[in-house]
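All chains should be built: construct the whole structure from the sequences, respecting the hints.
Number of protein chains: 2
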Amino acid sequence: MEQSDPTLAPVPAPMHDAFFSFRLLATDGDARRGEIATAHGLVATPFFMPVGAQATVKGLTPEAVRATGAEIVLANTYHLMLRPGAERVAALGGLHTFMNWPYPILTDSGGFQVMSLSQLRKVADHGVTFRSHIDGAIVELSPERAIEIQNLLGSDISMQLDECLRLPASRGELERAMRLSLAWAERSKRAFESAPRCGALFGIVQGGDDPQLRLESARALTAVGFHGYAIGGLAVGEPQEVMLHTIAEVAPALPAERPRYLMGVGTPDDLLAAVARGIDMFDCVLPTRNGRHGLAFTRFGPINLKNARHADDPRPLDDASSCSAARDYSRAYLHHLVKANEMLGAILLTMVNVTYYQELMAGIRAAITVGNFTNFCAQTRESWARGDVAPAQGI
Amino acid sequence: MEQSDPTLAPVPAPMHDAFFSFRLLATDGDARRGEIATAHGLVATPFFMPVGAQATVKGLTPEAVRATGAEIVLANTYHLMLRPGAERVAALGGLHTFMNWPYPILTDSGGFQVMSLSQLRKVADHGVTFRSHIDGAIVELSPERAIEIQNLLGSDISMQLDECLRLPASRGELERAMRLSLAWAERSKRAFESAPRCGALFGIVQGGDDPQLRLESARALTAVGFHGYAIGGLAVGEPQEVMLHTIAEVAPALPAERPRYLMGVGTPDDLLAAVARGIDMFDCVLPTRNGRHGLAFTRFGPINLKNARHADDPRPLDDASSCSAARDYSRAYLHHLVKANEMLGAILLTMVNVTYYQELMAGIRAAITVGNFTNFCAQTRESWARGDVAPAQGI
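If you read the sequences in order, they're chains A and B. Counting in our numbering, the first sequence runs from 1235 upward without gaps. Counting in our numbering, the second sequence runs from 1235 upward without gaps.
The hints are simulated quantities; they were obtained by calculation from the structure and are not laboratory data. Some hints could be false.
Since copy identity is lost for identical chains, a pair holds within one copy or between any two.
Pairs of lysine-lysine, DSSO-like flavour, derived with a Cα cap of 27 Å [claimed, not checked]: (1) Lys-1292 x Lys-1540; (2) Lys-1573 x Lys-1540; (3) Lys-1292 x Lys-1573.
What follows is the structure, encoded as C-alpha cells:
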C-alpha cells in the first residue's frame, strides 16, 4: 500500500500504552470477551456506549446513566467544538468534570457529524471546512485540530478524523475517501503522540461496501499502529447483510490484541451479529432517540408505547428488568406520558432502553465467558420473536 | 348569609376526620407550624406542593421529587379527567399507583384550569361546560362530578369546584362568582360525604380583591364546615400587595384549627409573606416552569442561566444546597445545557428549584418552631438582595 502523502515523515513505532490497555479474556467462535483499562477506570468488553453528543446523554443525569450499567459514554467532537468550545471545556477542568461523569469517555472526531449535520462542507487534503449548523459560522477541522480538541476535552479514547460517505457510493469516491482517511490517520497519530497527555487513539477503517478497499484500509492502519481500530462508514444506508459481510471481512484483518469498535451501530440484533463477527465496542443513538419517541427496547422486542393498546395495560414493561423504570410504572402510565408529551416519558423510556442495551451486553459477555454465545443469541432472538405477551384473561 | 339554593337539603354536621387531621404545633405571630396526617402519610406545615398537573412533576421521577424534600404533590383534575380519564386511573389502581407516588396527593377541582386553559366555557348553576384544549370535545364539569373524579383518582385532599375569575373584575362579577362557588361548596360537601371513601375536602374562599365578599365567603364556608380552607382567585393578575392584603383579611376569619391553603402561589417572597399572614399550604408552577426556562431559584435570589456571564463560571449554583444538581455541576455546564436546549438542563434546574422551595419551607418551619420567623424572613430576603456572589479575582 502506498503512503497517501509521500511528504510525510516516517510513521513512528507502535504507541505507548500508558493509560490504555486491552486484555482479551475469552473467545467463543469469533466473539470476544475482554477488558479495556483507562485512566478513568475499567470497561468490560464487548460494551455499548450511550451517546452523550453535547456532553449529556439526553434525558439522563450522570447517576442515571451509571445506574443503567454503562461504564463509558461517547461524546461528540463536532458538537462540543461548536458549543461550548473545546478550549472552554479545558479551562473548566475537562469534559469529565464538565459533565460530572468521572468514568471513561470516548470522543469521536467529528467526521460523521460533518457529513450528517453540517452544510456546505468542503473536503480537501488539509481537512474539512463546513458551516456550523448552530450559527452558520465557517469552521475548519483538520486531523491535527481534531486531536487537539479531543486532548482539550480530556478524552480517554480519541478517534482520528476521517471522511465518512453515505452508501451507496461509487468505488472511485469510496477509494478517494478511504485514502484520504488513511493519510489523516497518520497525521492524527503524529499529532496525538506529540501532545503532552496520554490516552488512546483509534484508527478508523473506511472503504464503504467494497471488500478490497476495506482490507487495504485495515492493513494500512494496522501498519501505522493504533490502540484500537474502528470500522466507520457503516449503518449509513446499506442493508444489514452488507454491513455484516463487511465486518466479517474486516475484523480478521485487524490485530487480535486490539479492541475493535463498530461506529454508530445499532439495533439489538446488530449488536449480537457484530459481536459474533469479532466486534468489541459499539455506540448508537437508537436507545436514547427511540426512548424520546415512545419506543421501548425490551426482552420481548420493541414496544411502541404510543399505541393505544397500552392505554389500560397495568403491566410494567418488564418486571425482571434491573431498571426501576421498567418495573415500577405501568404501560398505561408510560402511554399516558408519551401521549401527553411529558418529559418523564422520554426520561423513563431512555432509562429502560439504555438499561436494556447494557443488560444485553452483560448477557453477551457472560455467554462468551462460558462458551454459550451462540445459544444466547438464539434464545435472545427467540424472546424478541415471541414478542410482547398479552395480558392474562380477565385483566 | 343566605343559602345560595334554598331547595338544597340542610348542610350536614362537620365532617368525619378519619384519614385526615391537622395539628397546630407552634405559632410565631400569625405564622403557624403544624402537621397534617393523611392515609398516605404525614406532611409538615407550612408546605409547598410541586405541581404534577398530568400525573407527573414535569422533568422529575417520583424518586427525584421525593429527594427534593417534597412530602406531597398536587395533581390537576382538569388535566386528568381529559387525559387519561379518571375512570381509567381508577381501574389502574388510583393516582398514587398510576404515577408511582405513594405519598400524599392533593387534587384541585379543575376550576382554575377551566378558566385558564379551555375555550368556549359556559358557567351555569349546574356547573361548567367547556371545550377540551386537547381534542376540542365538549366536556361538562359539575361540583358533584369534580368530587367523583377526585374520588376516582384517590386523592388525599380534594378541592371543591369553584369559579375563578381573573383580576381586575367588577364587584358584580366577583359577587356572582363567589356566591356560585359557595353554592358549589355545599353541593361538593354533600357529594363528598355520600361517597364511599375517606380523605379530606377543602372549601375555597372566593371574592376577588373585595374584602367584604372575601369575608362573607370565608364565614359561609366555615359555617358549612370543611377539613381545610383554601384562598382561591389570587395571583391572577393583581399586585402582590393586593394579594397580601386579601390574605390578611381572610385568614383570621378562617378556623384556626384547620389548615389554610393559598392556591397557585407563588414566588419565594410570596411564601414568606403569606406564611407571615397565617397560610399553611402552597402550590405553584414557578419552580418547575422556570426551571425549564433556565431560571434557578437559590439562596442568592434568582439566577438566569441563559445569561452569557455564566459561560465560563466554574462555580456550582450553591455548594451548600442539599441538592446534588446545585452542588455537582458548574454554572458553565448548566448554561451550556440551557443554550443547547438539552433536557438535562430542565431536569437539573427543576431539581434545584423544587429543592430550594422545600429548603425554604423547611427553614420557615424551623424558624416558627423556635419563634424566630421574623428574623428568618429578614435574613432570607437579605441573602436574596445581596445576590449572586461574583467569582473571586483570578478565576
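Quiz prompt | Alpha-carbon proximity between Lys-1573 and Lys-1540, which holds within one copy, between copies, both or neither at 27 Å | solution = Within one copy, since 7 Å is at most 27 Å while 29 Å is not.
Quiz item: Which holds for Lys-1292 with Lys-1573 at a C-alpha limit of 27 Å: within a copy, between copies, both or neither?
Solution: Intra 19 Å, inter 14 Å, cutoff 27 Å: intra and inter.
Exercise. Go through the copies and call it for Lys-1292 and Lys-1540: within, between, both or neither, with a Cα cutoff of 27 Å.
Key: both (20 Å within a copy, 19 Å between copies)
In terms of the numbered hints stated before, the structure departs from none.
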